[in-house]
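Protein chains in written order, with the numbering used here: chain F, 50 to 372; chain Y, 50 to 372; chain W, 50 to 372; chain X, 50 to 372.
No lab work stands behind these hints: they were computed from the structure. Possibly wrong hints are sitting among the right ones.
Identical copies look the same in the list; a pair holds intra-copy or inter-copy alike.
[Unchecked claim] Using 25 Å as the maximum straight-line C-alpha spacing, the simulated PhoX-like pairs for lysine-lysine come out as follows:
{"#": "1", "residue 1": "Lys145", "residue 2": "Lys132"}
{"#": "2", "residue 1": "Lys132", "residue 2": "Lys84"}
{"#": "3", "residue 1": "Lys149", "residue 2": "Lys84"}
{"#": "4", "residue 1": "Lys111", "residue 2": "Lys132"}
{"#": "5", "residue 1": "Lys132", "residue 2": "Lys73"}
{"#": "6", "residue 1": "Lys73", "residue 2": "Lys305"}
{"#": "7", "residue 1": "Lys145", "residue 2": "Lys73"}
{"#": "8", "residue 1": "Lys337", "residue 2": "Lys155"}
{"#": "9", "residue 1": "Lys73", "residue 2": "Lys149"}
{"#": "10", "residue 1": "Lys346", "residue 2": "Lys132"}
{"#": "11", "residue 1": "Lys155", "residue 2": "Lys306"}
{"#": "12", "residue 1": "Lys111", "residue 2": "Lys306"}
{"#": "13", "residue 1": "Lys155", "residue 2": "Lys73"}
Protein chains: 4
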Amino acid sequence: MKGLAVGVWTFGMGSERYVSDGYKPYLTLEERVAKIATLQGINAIEVTFPNDVFPQNPGKFKSLLENYQLSVCGMGVELVCDKEWQNGSFSSADPKRREKAISLTKSAMDMAAELGVSTVSLWLGQDGFDYTFQEDYAQAWQSLVEGVREAANYRSDVNLGLEYKTSEPKMACYINSGGKALALAQATGKANVGITLDVGHALNARENPAEVAAMLMAENRLFHIHLNDNYSWADDDMPVGTVHFLQYLELFHWLKKMNYPGWMSLDLYPYRDDPIEACRTSIHFVSKMQNLVNSPKFAQMIEENRNSGSRSVRAVYEMLFGE
Amino acid sequence: MKGLAVGVWTFGMGSERYVSDGYKPYLTLEERVAKIATLQGINAIEVTFPNDVFPQNPGKFKSLLENYQLSVCGMGVELVCDKEWQNGSFSSADPKRREKAISLTKSAMDMAAELGVSTVSLWLGQDGFDYTFQEDYAQAWQSLVEGVREAANYRSDVNLGLEYKTSEPKMACYINSGGKALALAQATGKANVGITLDVGHALNARENPAEVAAMLMAENRLFHIHLNDNYSWADDDMPVGTVHFLQYLELFHWLKKMNYPGWMSLDLYPYRDDPIEACRTSIHFVSKMQNLVNSPKFAQMIEENRNSGSRSVRAVYEMLFGE
Amino acid sequence: MKGLAVGVWTFGMGSERYVSDGYKPYLTLEERVAKIATLQGINAIEVTFPNDVFPQNPGKFKSLLENYQLSVCGMGVELVCDKEWQNGSFSSADPKRREKAISLTKSAMDMAAELGVSTVSLWLGQDGFDYTFQEDYAQAWQSLVEGVREAANYRSDVNLGLEYKTSEPKMACYINSGGKALALAQATGKANVGITLDVGHALNARENPAEVAAMLMAENRLFHIHLNDNYSWADDDMPVGTVHFLQYLELFHWLKKMNYPGWMSLDLYPYRDDPIEACRTSIHFVSKMQNLVNSPKFAQMIEENRNSGSRSVRAVYEMLFGE
Amino acid sequence: MKGLAVGVWTFGMGSERYVSDGYKPYLTLEERVAKIATLQGINAIEVTFPNDVFPQNPGKFKSLLENYQLSVCGMGVELVCDKEWQNGSFSSADPKRREKAISLTKSAMDMAAELGVSTVSLWLGQDGFDYTFQEDYAQAWQSLVEGVREAANYRSDVNLGLEYKTSEPKMACYINSGGKALALAQATGKANVGITLDVGHALNARENPAEVAAMLMAENRLFHIHLNDNYSWADDDMPVGTVHFLQYLELFHWLKKMNYPGWMSLDLYPYRDDPIEACRTSIHFVSKMQNLVNSPKFAQMIEENRNSGSRSVRAVYEMLFGE
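Let's have the full structure, built from the sequences with the hints guiding it.
Written out as structure tokens, the structure is:
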């Protein structure tokens, strides 16, 4: 693993549909970066293109990073958070919308290359449907395959990470599971199309994060990871470990075991919580769990107790809390 | 049933956490009312206090209603949509917050009496918790019981309708099911505390709306109803009937059978849909289903097929689509 | 808390709808009791009436207990696991079925009194519906209230614990949440009607076990507890702590804080796991978590970090794993 | 579409974990077939290998079919319903288990060819895990890919249909979504590996059946369909249309639109319902909805209202119930 980063949106206003102006004041990108730089254990940020980076002036963005001694671990393309995308991006029935999405992705890939970022994430949260009988699913799937393929063909030195999510903002999203994202990546026939695994999204899709991560690593398509937690039904984006404990520990075990080569980003949305505290809670948990899975004794214990029913879990708890 | 109304928030901007400035322009209350007045089959609006009504000038609000020949079917107290409530209202650990919530509710009750509104709804969406170990549940429950009782004691000619919801905006809300709301109403010992049943919230709580409505009517505590639909997991607030068909038909059957004495309001949140269209879709569905359940033949058919397994459903479909 | 027990059904064959003859051989009651007696940390069993106890010969059952130095912590009434109950028990449209359910419950109460068992649990898993339009919900609710009241009136020295569950075996069960169970208990007007809280059922109902337990204790109606774990959607009856960690810790904290006066039983269904191992995994987890919540330092730490956002969780993890 | 069939397991005893000897008497295969033959609108059965067919005497099975003038629409391989498979089949850590699964599948393919059955379904309900830290996910995925590929290589004139399911009997199954099944099919590199879509399983995976069917047809990998309904959370196997109405109508619309070339089977499990009634309810619903989607007017109306928000749904309801 390359390290632990923070998505700059974690320091946003916390807007939602009831408190639409958020629970907190607006912070500029520099203010956010300054706060993130104070967090021990964090050495990179994740940003969204073109909102957070400055295409016309990448130098300015680079000096911001230098000032705070942070690197950029990943970059998402903004294809959701403006109403212009409300009828979809890569899957839209309108060829002009699709062209704009592809074009924006190519620009993001260029910027990523300039900044040394290996993976551009595509979260297509407006590509889906609200109602039955609303969309042409066959056209949508074909457009997704062709559009992502075209972007991937643009330059093979930058990866595209499909960030799947069951729903929201569209009531139902097309790329709704790790399997669907993998199938789409395979259908493009491109090795630089893979997955950005958001752990909370995996939980919403009734997946076990460790299992889906292992499958994606076995297929060489796990490119990036977003960390957060939730109560299973919705994408609560809570601090890591505040709900799921063993599943997170198992995920970290598998990332270590299969030498996951990428970054992990904190992707939190602390509506009513202080983002600094939300990050600290996450960093503390990740750090303690990493220490554990990095110990050879832990790895050996896991292998010894495989296929032994609930002993597999008791062995973990015995190592943590004594016999 | 008294009639079908529309909540004025249905004509809002459609803000959400990704598109925080919404999918639509802001409309004033009068603009919203003017649009609602064009909808055939609607003869009332539902509003929130003190945002939509004008405590200092109720006459202005009354003439607005008169101009558009609409009445007010219900009124909610605003205890969620401002960050001042982020640590709760009736259940807050802070006595001043509780006092303000109770005081605001009393003012809403006065205004309701002046406007001829029988039920003031209490949706306590910030009363709950985000994390474990965050809240004192025993104090919260006691504060809820005592606070609601105090408000109910203030004047017995206005009902309080507890609008339960599983989660959101708080990750977990205290009044999270029809049963919990009924238990709280009973615990106050007041006959004017009952339930505002939001059908979408019932579906999120894994309830069957008809069943919970019948139970609440049997206890004389079903005071108001919000209509909307969703895909079961989250409060999508979609037009009525766009997901659930038989469950809605069964709900209307039971409301007719037990002579539900209140109103039904469309409580929609059409992010990417035109609110006029969302209302029309709902009104069309409600109207067709009402026609059905109002026919003596339908009621007789239901009784004849009770306790007959899936024949109960086939009989409904045969009446709708032929044998 | 009185102690930790094991439900004898935990040592059943593990039958399910696909492997209907189960994953394990049948064990007699004595064989089950003999196995349970080997478990360190267990000093009681929970049984079902009249299957496991012998109404005609209670002495035989008593000597079985004496031989193995175990007591009986609780008793359920069998109103689900025979097809005779397929149309319901206390809520049935058939008065004879209701009478039999009430009569069986009274016999169970007598037997409980003789055995020194304070609570008889009523899990009404066949009282509900499969299809819409199948049941008369108003009659069902009234029958539930009246039937449970009649049983409770029979003798006030034995408690009745309503064990709620969202669904299964009926697709939808009437007593489907902690709130509904509390509302039903209150509606009977009897102080000896309360709740048997099954933690897995609470999780399926999207409840936080600690929160519902605290509310029920505040109302003096938490009579008995079943421990098990699941992946949120279905009643998996897995060993305690194999999925939920913090929620279980918080539950134990609140039981300690409010001096829960009853028992906790392991209610497991280890289809493919060895029941001895499933119990040991559960006992180990419960024991370690109890040690923690029993320490004054832990209780103090929880109070100090209340209402502090995710710090409340970080403080717990810091105590467990260091800062 | 080739026609509508019934799975013979629909006429089983209705065993489940509470009523393990079922709600109904055992019927022999011939008794089941005789009952199915009475159902108007059904012209085929679906069976499981080797339980329902007789490898040593296929002639006997053929004459049974001839006697009742039924054909066989599909065949599943039994890899779940015996405890021998409790640690998995194709994904097992034990090579002997994997070999047996592959070998049994090859035999089923031979039998299918002899009976003129085009698709053998693989439902791998024991391939997954109950607990975290129990399984080697990388080995499991690799074994799945290689094992299914080997079976597919055995003969290219018979299709393999992967029947995905989120959980049950294993708490979590590997092939848990339409996307995952498609990814696995693609990973084998074989054109005769595709999907058996069980509509209820799709709903449990939070999929829209029409959407996943269209995607699979676009990839030429939708081989077979199981019809049943549920309340979203568990695999209730209820009659078709008893819960989901519009989603079913939309599915049938897309099957018609994309000329689905396979069969649909009723895959019901009517615990407490008469299987004849459960089939009749399903057949009535399917027949009425098929009539609708087969009308050119309906198809035209759908296309005209695409991308029009909830008008898409209102247009459907207007055609059904008048404007």
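Outcome of the hint check:
no.: 1; hint: Lys145 to Lys132; verdict: within (15 Å within a copy, 40 Å between copies)
no.: 2; hint: Lys132 to Lys84; verdict: between (29 Å within a copy, 22 Å between copies)
no.: 3; hint: Lys149 to Lys84; verdict: neither (33 Å within a copy, 35 Å between copies)
no.: 4; hint: Lys111 to Lys132; verdict: neither (30 Å within a copy, 36 Å between copies)
no.: 5; hint: Lys132 to Lys73; verdict: both (23 Å within a copy, 9 Å between copies)
no.: 6; hint: Lys73 to Lys305; verdict: neither (37 Å within a copy, 37 Å between copies)
no.: 7; hint: Lys145 to Lys73; verdict: between (36 Å within a copy, 22 Å between copies)
no.: 8; hint: Lys337 to Lys155; verdict: neither (39 Å within a copy, 49 Å between copies)
no.: 9; hint: Lys73 to Lys149; verdict: between (33 Å within a copy, 22 Å between copies)
no.: 10; hint: Lys346 to Lys132; verdict: neither (52 Å within a copy, 34 Å between copies)
no.: 11; hint: Lys155 to Lys306; verdict: neither (34 Å within a copy, 35 Å between copies)
no.: 12; hint: Lys111 to Lys306; verdict: neither (34 Å within a copy, 52 Å between copies)
no.: 13; hint: Lys155 to Lys73; verdict: neither (34 Å within a copy, 30 Å between copies)
Hints 3, 4, 6, 8, 10, 11, 12 and 13, counting from the list given before, are not met by this structure.
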